[in-house]
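Peer 1: For chain A, the structure is supplied; the task is to place chain B on it using the hints.
Heads up: the sequence lines are chains A and B, in that order. Quick note: the first sequence, position 39, residue 59 per my numbering, numbers continuous. Quick note: the second sequence, position 102, residue 122 per my numbering, numbers continuous.
Be aware that one or more of the hints could be misleading.
Same chains, same label: a pair holds when it works inside one copy or across any pair of copies.
When the alpha-carbon atoms are kept at most 20 Å apart in a straight line, the in silico EDC-like pairs for lysine to aspartate or glutamate are as follows [what the hints assert, rightly or not]:
no.: 1; residue 1: 30; residue 2: 111
no.: 2; residue 1: 30; residue 2: 78
no.: 3; residue 1: 30; residue 2: 124
no.: 4; residue 1: 127; residue 2: 111
no.: 5; residue 1: 91; residue 2: 28
no.: 6; residue 1: 92; residue 2: 76
no.: 7; residue 1: 127; residue 2: 78
no.: 8; residue 1: 92; residue 2: 112
no.: 9; residue 1: 33; residue 2: 60
no.: 10; residue 1: 33; residue 2: 124
no.: 11; residue 1: 91; residue 2: 76
no.: 12; residue 1: 127; residue 2: 85
no.: 13; residue 1: 30; residue 2: 94
no.: 14; residue 1: 92; residue 2: 24
no.: 15; residue 1: 33; residue 2: 111
no.: 16; residue 1: 92; residue 2: 28
no.: 17; residue 1: 91; residue 2: 24
no.: 18; residue 1: 30; residue 2: 85
Hint data in this document are derived by calculation from the structure and do not stem from the laboratory.
Protein chains: 2
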Amino acid sequence: MFYDFPQDFKQFKPAPGFLVHVVSGQRLMLSHVTLQPNSEAPLHSHAEEQMGIMLEGEFAMTIGDETRLLKKGDMYLVPSNTVHGGITHAEEVVVLDAFSPPREAYK
Amino acid sequence: MFYDFPQDFKQFKPAPGFLVHVVSGQRLMLSHVTLQPNSEAPLHSHAEEQMGIMLEGEFAMTIGDETRLLKKGDMYLVPSNTVHGGITHAEEVVVLDAFSPPREAYK
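Isolated chain A (complex conformation) (with noise of 0.2 Å):
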C-alpha cells in the first residue's frame, strides 16, 4: 500500500521539539523524525530492533559507546536494548526508522 503523509500516520510528541510520524506493516514499523534545532532526542533503549537513515541536516547520534555526526544520507544501526539519543544543532533534522517488530510504545 502507498501512504499519503501525514494523514495515514499517527502522530507522537515524544518529548519537546521531537515529532514522530508513524506507520506499521505485521513485522515492521516506519518512524519518521522531525526534530527541532538545538533539540535533544534524550538517552533511551527499546528491545525493538532499529535500523535508520538521516534525510534532512545533521544529528550528533550516540549509539552505545559511540558518537558521530551524522549527515543527510548516513545509515546506522541501533541493536535491541542498546542505549542510543542525540541532539540537534543549528538546523532542523529528519531521519526515517524502521523497527522490527513494530515499536511497541508508538503502537
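Peer 2: Okay, now just chain B, sitting in the frame of chain A:
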C-alpha cells in the same frame, strides 16, 4: 553501529540499471537502491515484508493491483508475498527499503 557507505554494504546488481547496497541486523535489513533513468524493477514478490521511502527522483511503482507515481519522501508497504515493481523515467531514482526478516536472496 554507524555504517560507512558504500564500504560497509554488500552490493548487488539484480537487473540492468539496478544497483542495490544492503546491511543487516538480526531482524532488519536496509536496502539502498539506485535505478538508472528509463529502467525497470521487474515485478517480483518475496516472503519478507518490505517498507520503503523515496529518496530521489520519480518512480512509477506497482504494489499488488495499485500503481502510483512516487516522489521524494513518499513511503509504502509491500506485504509478504505481494507482487511489486516499477519503472523510472528521465531521472535517476534512489529508494531506501527495509526488510523484515532480512531478505534471504540478498544475504
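Peer 1: To test your reading of the hints: which numbers does this structure violate?
Peer 2: Hints 1, 2, 4, 7, 12 and 18 not satisfied by this model.
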